[in-house]
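Peer 1: Here is how the chains run, residue by residue.
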Amino acid sequence: MRLFTYERAKTPAEAARAVAGQPGAKFLAGGTNLIDLMKLEIETPTHLVDVQDLKLDRIEQTGEGGLKIGALVSNTALASDARVRRDYGVLARAIVAGASGQLRNKATTAGNLLQRTRCPYFYDTNMPCNKRKPGSGCAAIAGYSRQLAVIGASDQCIATHPGDMAVALRVLDATVETVNAAGEPRAIPIADFHRLPGATPHIDTNLAPGELITAVTLPRPLGGRHVYEKVRDRASYAFALVSVAAVIQWDGTGRVAFGGVAHKPWRIEAAEAAMPQGAAAVTTSLFADAKPTHDNAFKVPLATRTLAAVIAEGNAA
Amino acid sequence: MKFDTPAGANPTDRMQVLGKPLDRYEARLKTTGTATYAYEYKDVAPNAAYGYILGAAIAKGRITAIDTTLTEAAPGVIGVVTYRNAGKPGVGKFYVQKMLAAPEVDHYHQPVAVVVAETFEQARAASALIRVDYARTDGRYDLAAQKGSAPVPPQGEFGGPNEKRVGDFEPAFAAAAVKVDETYTVPDQAHAMMEPHATIAKWDGERVTCWTSIQQMNWGTRDLGLILGIPKANVRLISPFIGGGFGGKGTVQMDLALAAISARVVGRPVKIALQRPIMFNTTIHRPKTIQRVMLGAGRDGRLTAIGHESWSGNLPGGRTEPTVASTRTFYAGPNRLTRMRLATLDLAEGNAMRAPGEAPGLMALEIAMDELAEKLGMDPVQLRVVNDTQVDPEDPSKPFSTRPFIQCLREGAEQFGWDRRNAKPGQVREGRWLIGMGMAGAIRAGKIAKSGARARLDGKGIITIEADMTDIGTGSYTVVQQTAAEMMGVAPDSIVVKLGDSTFPETPGSGGQQGAPSVTAGVYAACVKLREAVAQRLGFNSAEVDFSDGRVKSGNRSVPLADAAKGGDLLVEDVMEFDKLKDQFQQQTFGAHFAEVAVDAYTGVVRVRRALAVCAAGRILNAKTARSQVIGGITMGIGAALMEEMAIDQRFGFFVNHDLAGYEVPVHADVPHLDAFFIDEVDPTISPVKAKGVGELGLTGVAPAIANAIYNATGVRVREYPITLDKHLEGLPAIA
Amino acid sequence: MEEGEYEISRRSVLVSSAVTATLAAAGVSEAQPLPKALAPADHKVSFVVNGKGQAFSLDPRITLLDALREHLHLTGTKKGCDHGQCGACTVIVNGERINSCLSLALQHEGDEVTTIEGLGTPEKLHPMQAAFVKHDGYQCGYCTPGQICSAVAVLDEIKRGVPSHVQAELTRAPTPTNAELRERMSGNICRCGAYSNIAEAMADVAEARV
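Chains as they are written, first to last, in our numbering: chain B, 1 to 317; chain Z, 1001 to 1736; chain R, 2001 to 2210.
Derived by calculation from the structure, the hints in this document are not laboratory data.
Be a bit skeptical, because a hint or two may be false.
List time: in silico BS3-like cross-link candidates among lysine-lysine, alpha-carbon distance up to 25 angstroms [unchecked claim]: (1) R/Lys2044 - B/Lys26; (2) Z/Lys1020 - Z/Lys1498; (3) Z/Lys1582 - Z/Lys1450; (4) R/Lys2052 - Z/Lys1624; (5) Z/Lys1042 - R/Lys2052; (6) Z/Lys1179 - Z/Lys1147.
Next comes chain B alone, as it looks inside the complex:
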């Protein structure tokens, strides 16, 4: 871990200014991912702006009947909130499917969105990795890629977004609220928040440098049945091979997004029209462009089968 300087900001705008004004500066919230990466010198910030005092830790009702989740609301607090459990079950379910109790107590809503890939080649600084070191190559594509992306990847990067929460937020059509150094707010639809790797896999999101997430807003509740199904080798404390976030209405229509398959939560709204026809009808179009590797080809049928399980459980209920 390189040396850095440290400050605690008092307001969101002050924090954004502190980061925007200093090359190499980064926000520090829960730290559960950033500190891990700093120890390995995958992240090498020269200055940390600790945002824990920004009072962004509340969940409030919005005028539109939705919820505004402060950026610093912990994963545990968010999953525990009575309104979230009642009206946004897919979100609560996704959160508690991720990480461990200890990590969820510390991890924040904004930090969860910004967590970086768990690709093992990204984590090993001896290996080429375009995400960690642009232009160095991708060791994963022809390497050990069992965990990695099957769709939306590029010849530069096949990393996945490792999180669960964002997959649920994608199904809920959440909005990410930000502020920049000039104090200007911005609202980014979750669909536009994470990027596909393309030729710039080192850029995970569409946030501008120094732009600070202040909240995540959920629209009015959708009703329906909320499911988050996570498939992994061990029963807990593991990243998804494939996950499905779904909100299914009683008439069989619904929304679905997949985790563990792409550089961002994978959802194609047009494919959802086929929900009443069953899982294969949906995934055939959702994964039409899939380009799996030898190691992760199983993810495509697994995605279909997992969605089938989700639909079948609903029919049984």
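For this one, chain B is given, so just place chains Z and R on it according to the hints.
Peer 2: Chains Z and R alone, transformed into the frame defined by chain B:
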């Protein structure tokens, strides 16, 4: 004391303290965070500097240049140790790995440098400033690719001959009415003990003292002496608490060697803990094996031909993974062929991990037995019953000392409810879950070795036992306490146990599940001597003296034990030595494992719902800690069956998933309530204490029992561990 | 080494391992001297550990874990992986369990930290510690302090209604069933395999509380 005839009645038979489920001797220390592990001593070397290891960035080749200029100028740096200033580190006797790339690089993350600094943070940061240039050369990383050219190596120190024939295997197999001929693979596995290898090393002139985490003190002093080029007598190792080992801390690893070397270079005590992300490629692991099992049987299920051929790979000079060991002794059958081949691979060293040989060997053999049972239309338990043998199948003149294997099978089947199993696979479904039951037999050598102990009685009646035995979580402290209490007829709290110091009498330490039987035999010998000394001091005729209730009694005379030390402490030391019984008897431990799994019919996810073991290991010294050993083995077996694999990148030549997020071991959610039971037996041929080890037995046979249960659930046979969902997904029921 | 040299070497590594090539670390950036201006200007932070106020002047890189172990010599909290992958470093901060390895000490100004040493002592065990002893919920003991801190916090989380992955109904209050305890404890790895016993120790304590 020499043990050369089977034990008769002796004080350990009283079983007033021995066998009882005593809480662990060190319970209150471990549960309050006051047990001190290697890295945690503060007063022994208050000025210890911090060492941080830089691992090699390539798998095979040479260092062409190292530039440490920036590192040496970095804040807090005291020194940088590389092959240029480390002296010429030797190699120990058990591991072939070299502690430093010098300048040849033998495997990925082989240590290239140690940065020593005032603080951990400074050492870590400065290690990233080292510039290393490498010349990379071709390496061999793929066992399957090397398989064709791998020779049968000469016999090594362990594991027996690499090829052995009994009868005439080939024609017998060809003629067999029912045959199985399948190939199984067990991947590279990591010990992944929770405490990283760690050492504080401090020199005093020519002598070095290391507070470390090591399972075998005698090998440790020997090997560190060889590595440092100093006499073994100048090495002292101290390891009273060890945060898990499973074979991975058998003898000197990089932390210990490099802490000692670094401390010598910088002239100051140095502490090093291996960083978790380098442990997987730096130190030893259980090497991958490819195993072909050929079983031929008559329609009655009796085996007529047993063949087991196995391939493993290692660094040049490294050991063969002795997978066929169990096949040689487990089942009857007149025609037998076992053969092991060894390829050269440029991966980290393959070496002992919990039940080396038997654990991976049975992962193959016991699936093959399940396949044979199915072909025969015979119950898998019954197949094992009909193939039981009470004599060594390779040498019928050698009986098993005890072999209640059939009892393990029958008791296990009954406890588990095996009769409820549907023999036809893929038939039982509960909602989205396919349910299956499986079983496997277990066998693991019941080893024992020369072991010493020292006993001191003081005027308060307290008996202090010292031995260089270690406790890696196995319960050594407690069984030593119980043995001494039983022998001396005192309450357990009159016993003080001191272990884990190489200056104490030599034992074989923790390895090969021989620790508990060996050390308790040494304690027995010391206690016999102490009893004689007590009797003599008190003026008793030692032949007729009874030690119980803290008193020494003979005829009408009864004296408090403590009185014997009134005139000064009584101090004795003895060594238990073993010879010919080992050769006269086949000494093994046995078990039967049963498991029930649920497989998600949609996703293929496997969850173990129940598991149970019945084990036979001679006298059980502590019912609680022995049970914990076995359920711990079952837990590790769940990992081996379902998730554990170090994945190799064949281009770069390294284990890719080299941390505890990538290398998955079971978590709480994977492990249901587990049961373990023991057959009530003693083995008088092993030692006067009549006990064998259980720690490795608990693991052997678990993974194949689970594999067989998965097959019973799904009807899809997977022969490549771990059995992850992708390997049977295609064979699962079609989805609507 | 120049950037370009590395590129060649990397390609040669990827394309053909037969080529003798030089390979440097492919890290984010090449090695560079540490700026003098950033030499460990000791940062001040104070927090309460096991009821006792502690003031530190620290290198900003020091984690809460290393502050406890290397500075306060409270070595009951263990370093198993240093990367949030094992749970051996679990401590309770302001009533919630966290991985102390993934937290800078500086982040904890004013916090209340409880470690294994603060729960009980060999002379006076916490009920959870006593239950671990009774049920043999440990073997090597290295993960044990983290398991016990987590176990204590887990029972509290269940009481507070924090949901879990295995809860059938999110809107119902959770109860300390075996499945709940195991799921919630899954951030604490025990390689010796004491899980079955740990769940039983926790169940004992949970029952005694009701």
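Peer 1: Now tell me, hint by hint, if it's right for this structure.
Peer 2: Cross-check of the supplied hints:
A distance of roughly 20 angstroms separates the Cα atoms of R/Lys2044 and B/Lys26; the hinted pair therefore holds under the 25 angstroms criterion. Between Z/Lys1020 and Z/Lys1498 the CA atoms are separated by roughly 21 angstroms; this keeps the pair inside 25 angstroms, and the hint holds. Note on Z/Lys1582 and Z/Lys1450: the hinted pairing holds, with a Cα-Cα distance of about 12 angstroms set against a maximum of 25 angstroms. Distance hint between R/Lys2052 and Z/Lys1624 is unfulfilled; the C-alpha atoms sit about 38 angstroms from each other, more than 25 angstroms.
Note on Z/Lys1042 and R/Lys2052: the hinted pairing holds, with a Cα-Cα distance of about 21 angstroms set against a maximum of 25 angstroms. Of the supplied pair hints, the one linking Z/Lys1179 and Z/Lys1147 holds, its CA atoms being roughly 24 angstroms apart against a limit of 25 angstroms.
In the structure shown, a violation is registered for the earlier hint numbered 4 alone.
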